[in-house]
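Dock chain B against chain A, hints included.
Residue numbers (this note's numbering), protein chains in the order written: chain A, 16 to 211; chain B, 789 to 1392.
Please note that the accuracy of each hint is not assured.
[Said to hold, decoys possible] Result set (DSSO-like, lysine-lysine): computed pairs, CA atoms no more than 30 Å apart in a straight line:
#: 1; chain 1: A; residue 1: K198; chain 2: B; residue 2: K1312
#: 2; chain 1: B; residue 1: K1016; chain 2: A; residue 2: K131
#: 3; chain 1: A; residue 1: K74; chain 2: B; residue 2: K1016
#: 4; chain 1: B; residue 1: K918; chain 2: B; residue 2: K992
[As the list claims (entries may be wrong)] One side of the interface only, derived from the structure: several residues of chain B facing chain A at Cβ under 10 Å:
#: 5; residue: K794
#: 6; residue: W798
#: 7; residue: P927
#: 8; residue: V956
#: 9; residue: A964
#: 10; residue: P1041
#: 11; residue: L1119
#: 12; residue: L1125
#: 13; residue: N1131
#: 14; residue: M1132
#: 15; residue: P1166
#: 16; residue: M1237
#: 17; residue: S1333
#: 18; residue: R1336
#: 19; residue: I1342
Bear in mind the hints are in silico, worked out from the structure with no lab data behind them.
By construction, the Cβ of each residue, glycine as well, lies at the ideal position given by its N, Cα and C atoms.
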Amino acid sequence: MESTGNILFSGVGGQGILLASEITAYSLLLAGYDAKKSEVHGMAQRGGSVTAQLRYGKKVWSPLIEPGCADIQVAFEMMEAVRYITSLHKGSTVIVNTQRILPPAVATGQTAYPEKILDHLTAVGVRVVQVDAFDLAREVGEARTANVVMVGALSVFLPVAAAIYEEVIATRVPERFRDVNLKAFRAGRKAGSMEV
Amino acid sequence: MTNISKDTLWMSGNEAIALGAWEAGVKVASGYPGTPSTEIMENLSTYEGVYTEWAPNEKVGLEVAIGASFAGVRALATMKHVGVNVAADPLFTSSYTGVCGGLVLVTADDPEMHSSQNEQDNRNYAFAAKVPMFEPSDPMEAKEMLKAAFTLSEELDTPVMFRITTRVAHVKGVVARGGKMASHASCGISKVPAKLVMLPSIAKKRREVVEERMAKCRELVETTPFNKIEAGDTRRGFITSGVSYLYVKEAFPEAAVLKLGICWPLPEQLIREFAASVDELFIIEELDPFLETHIKAMGISTHGKDLIPSIGELNTAIVRNAIDPGAARELFAPIELPPRPPNMCAGCPHRGIFFNLSRMKVFVSGDIGCYTLGFLPPLSAMDACVCMGASVPIAHGMAKALGEEAHNKIVSVIGDSTFVHSGITGLINTVYNNSASTLIILDNRITAMTGQQPNPASGMTIKGEPAHALDLEALCRAVGVKHVYVVNPHEVVETRRVLKEAVELNEPSVVIARAPCVLLPEMKLRKSVSYLTDQEEDNCVGCMSCIRLGCPAISWTAFEEGEAERLGYKKDQKGVSKIDENICNDCGQCASLCKFNAITRKEE
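For reference, chain B alone in the conformation it holds in the complex:
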């Protein structure tokens, strides 16, 4: 965040939500990192007077926030869209209990799947869980709406969902500072079992309260300033919410617009009034026909997904061209270029593991994290990836389906943070129901993909304070795994030996591959020495063993006709490997693979 003037700031949607939470007087916040939500908690952790933490998973994060709300303080839970699936259980029942202090759940959806495994539309959760949902369009609105969400939560005695998307979370804009709010809730222990103990007899009564509350909310959204008609040319009228509103304003600046800042429940009277005032009605929304379905159910005729795509992000051009096909711009033809996909970093400990797996003829049941990049060539060593923690039960399920045939052929791979998130229960199942699959835990001490957030195995809190570090070996043994190995994945050859031994066993085994992420601050600060190919004499025979690691520091230089001989290599050598010492990160995996002693550490 940066000051522009005394009253205005330049900040991202996520930074604005953190500021909004602070201005709203949030006392406790918990969540699990996940793009595009991560920076909310990271930023909030820098404010005074608010307790923040990373929970092991989103269900725990929301439950912590529910507990804080029950104690009467304002509480926030943050997560990415798929995290809400994990947290859905407490979400649906906290809808029945309601709140004491205001409770807001931020869901950061990722249309276009920039960094996600699916692009589910979490507005459906507000409908299904029977809770109100706010949907801001930009950082400024995000901050103001978050504060209003806490007020609404306390006013209606309900958790409130708050949906952002990548183009709100990671967009920077101008945000006005605001004052700190006071909460009407009172802090303390209050025993109200008729509100908080959800066993059937009580839940049945609370079920009715939920309906009364949503009826009250439906009245309230008719007049809230966040739902507003912007007068304009009524030949075309647009109903829209979230970032789609901005695309509508840019594509059709003169048109009449009904902007829904609260996308659930819907203001039926306001919608009817607007629909009646325009000649032709269009609903512009990303992903599912959420508004469209519910508005059509009111008996209102409208355009929507007949014109607007339901896959991926929208933008101004998509909206304009869908409605005015004649307005489409002619674009330059794309030029075919070698692709530049993301890659594991130079020195990444995961690379050695996936190199070994790529040569072991095993089915690799993968998981969510940087290591999912092990799927890409030249390693191509991941055969399935579904969701957080799924690697372990999927391997077990395959082993049960295949019986003897699965012996030494199925391996699951999971990161330390993902294992703690939801891999542990899968491992307990593997042991309890006895399949001989091998689990590799890639223990780099941090939640790396989302930008190095600490987790329960890291030994520190979100603020960098010391914390108990989960002992993964002891945990695996405690759940009944008899064969637990620890390897250094940079020692590629030794790691292969251990992996082969583990997969041959007829009982469950765990291999913990332990080496720190190279992006950790302490790893960046260390004096990194480069490995090189051509010190003194070049022993490289062009076998390409090191090239097959796919390390960004290693490149192949092909020889021209006669060049090999001229440079003193064998006549038929095709080329040589070179290491870029500016990129090399000192892991030595390539050196441990080279059989010709052609790669040595610079100081040697």
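Same shape as in the complex, but just chain A:
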């Protein structure tokens, strides 16, 4: 691969975006790519909208994805799938966890959660892959593995063998959570495969 691939992770602080982007980055590195990942700590982590930017290729210079250049977005929440639409281009793929987390203005009754929000993406030629990660995670026995379900769905779209991800998950996750995370990855990969 000559050009650099751009993956944007978005969601709400506390959803496990950091671990998901770490597993993905590390899998790409083991598959032989160069990679850079950028994230913001501090004030941005207190329940606000959060992103991580991952770039991979033969040689990666900038750690930041240019506007309009994210090839894949992994969104952990529906509204956070649409908030970064200026990062996307026609033909981008957005893998979205169909979960709603209410922002303060919605939780306090001042405004409503927008309806049919993903239509904004399909309308401009962005491909939307919906995954009920929370539900799949509960099915494998641990709701907190929703982030690894999302990694599984993402894995379908990246040039890395499933065995590499599984090896990474097995080494990065504490032993007592290993099996459930591997199950979560496979459930996510299956959900993603159905959309290809």
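Only chain B this time, still in chain A's reference frame:
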């Protein structure tokens, strides 16, 4: 950090700097937490053979490092950009004393203000303090340059500054392992007053040494491998440093580039040679026209801030579009969405205090920390925030300006770590110069905003070992505050009573609001029970008292036409509050506010 292979690691810039410090043989490191610098010291504290600590503030941190350098060992101080303002006093004079063991000050700047109150460009400090400055572009370079910075420090007998930005500190990349270096300095007590005692007669002599050293450094930077010309298409030539270099390489991969790994002092001959070799010269740098100003002063004509913004971060697109406006991509139109700002956590003790302040008609002089989020709606209870420790003197200044009019109307709010950092002197001033303002110390036992670093009031060191815990009540009394209260901020109603009593006084008062941060490991491990609204029968009348706390666990469900009656509520009720038991953190602030007994603890 993670191993990729036997020789390479995947790590952030901050992790790489910690590894670089260890490979450089650093023996003592001190600093104060601050985004984006914090993880350097946190990571370094996990290495064997290096003493690390959190100091109460950046000035102390740098002074500790200076002391270690005077004792002949390699020493490191770390801080965020605004921390260097606090440490500027020792910085400027350590430039005169020079060093014994190598001394490096890492400044982590935050262009774009992701987590800061300003975006000052600390390259200006290297110029003003007359010390060399390194500026790496990525984690790999950060590690290698840090080691070189120690060598340069000892070679030139000078403190060296090391500037990173958010997109170096918090970027992960591939880093090669390296060997451990040997220091040429020797450890021990050496009495060299002509070098270390900065009174005027000696400082005047050292002042000349500073000029000689910088002249020597200017020669050295002409040939250092960190300043290099990368040959390429000479129709456009770029001079750049730090992360901006990466944006230039990506936007104009074929162009000739002069990369400055040492951004102060500048290699004048190298710059002249490069400028003469290209048709059109561009200087690409974030924030101030630092390189541009000094290069233009050499009489060299160049583009710079006429094209490149001086506000915020750069990226590849900004650099490309500034120089080739025709290359700009057309982007999808943004979609208007309800914002999702950061918020205080569910169960955060600060929320109860700001809820009370929002109802007290007082001017709240705030400070730096998680609690600055008390500014946001629905609490909207902070009226000023300038810098670490400023809350207390600002309240005093306002009280002096307004006289009687200020009575019971001005309150300052500060966290425990920020109070120890630089709030104590302000409180001493309030007492000494006598104004009746009330100070609220939000004592959650930890430096929370930057990720739970211990501080002198926490009772443990950076490594989690037991340490003396500063007694805040005794301290406040010792400086002369006669009225010191301690409250549990989760008891919202009782806290309000105490706050009202304190602000009515005609003498200085301190209210210590004490409850642990919910992100502390012991708080995360405890069995947290949820409060709920609808156990057995729902007494919620839809008054929205609990909603006004702005807690992320509490949400409002509005009723449709006729729904209230159908569900058994009063006909005209507008909706009900619900608590998400997965988010609730067991603080009970909402229950203490509810007058209708509609919120009860789950086990009850």
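May I ask you to test the interface hint for R1336/B with respect to chain A, counting a Cβ-Cβ separation under 10 Å as satisfied?
holds (8 Å)
Double-check P1041/B for me: the hint is only fine if its C-beta lies closer than 10 Å to a C-beta in chain A.
Because about 8 Å separates P1041/B from the closest Cβ in chain A, which is inside the 10 Å limit, the hint holds.
Given hint A964/B near chain A, where the shortest CB pair must fall under 10 Å
violated (13 Å)
Please check whether P1166/B passes as an interface residue: C-beta within 10 Å of a C-beta belonging to chain A.
Holds - the Cβ of P1166/B comes within 10 Å of chain A, reaching about 6 Å at its closest.
Satisfaction of the I1342/B interface hint, Cβ to chain A closer than 10 Å:
holds (7 Å)
Hint check: is the beta carbon of M1132/B less than 10 Å from a beta carbon of chain A?
holds (7 Å)
Under 10 Å is the threshold here; is the Cβ of N1131/B close enough to any Cβ of chain A for the hint to stand?
Holds - the Cβ of N1131/B comes within 10 Å of chain A, reaching about 5 Å at its closest.
How about L1119/B: closest beta carbon in chain A under 10 Å, or not?
Holds, because the Cβ-Cβ distance from L1119/B to chain A comes to roughly 5 Å (cut-off 10 Å).
Answer holds if the nearest beta-carbon of chain A is closer than 10 Å to that of L1125/B; otherwise answer violated.
Where the cut-off is 10 Å and the nearest Cβ of chain A is about 6 Å from L1125/B, the hint holds.
K918/B and K992/B: Cα distance at most 30 Å?
The hint holds at about 15 Å.
Against chain A, run the beta carbon of W798/B and see if the smallest gap drops under 10 Å.
holds (6 Å)
30 Å Cα cutoff - pair K74/A, K1016/B:
Given pair K74/A, K1016/B holds - Cα atoms ~20 Å apart, limit 30 Å.
This entry does not satisfy hints 2, 5, 9 and 17, going by the numbered hints stated previously.
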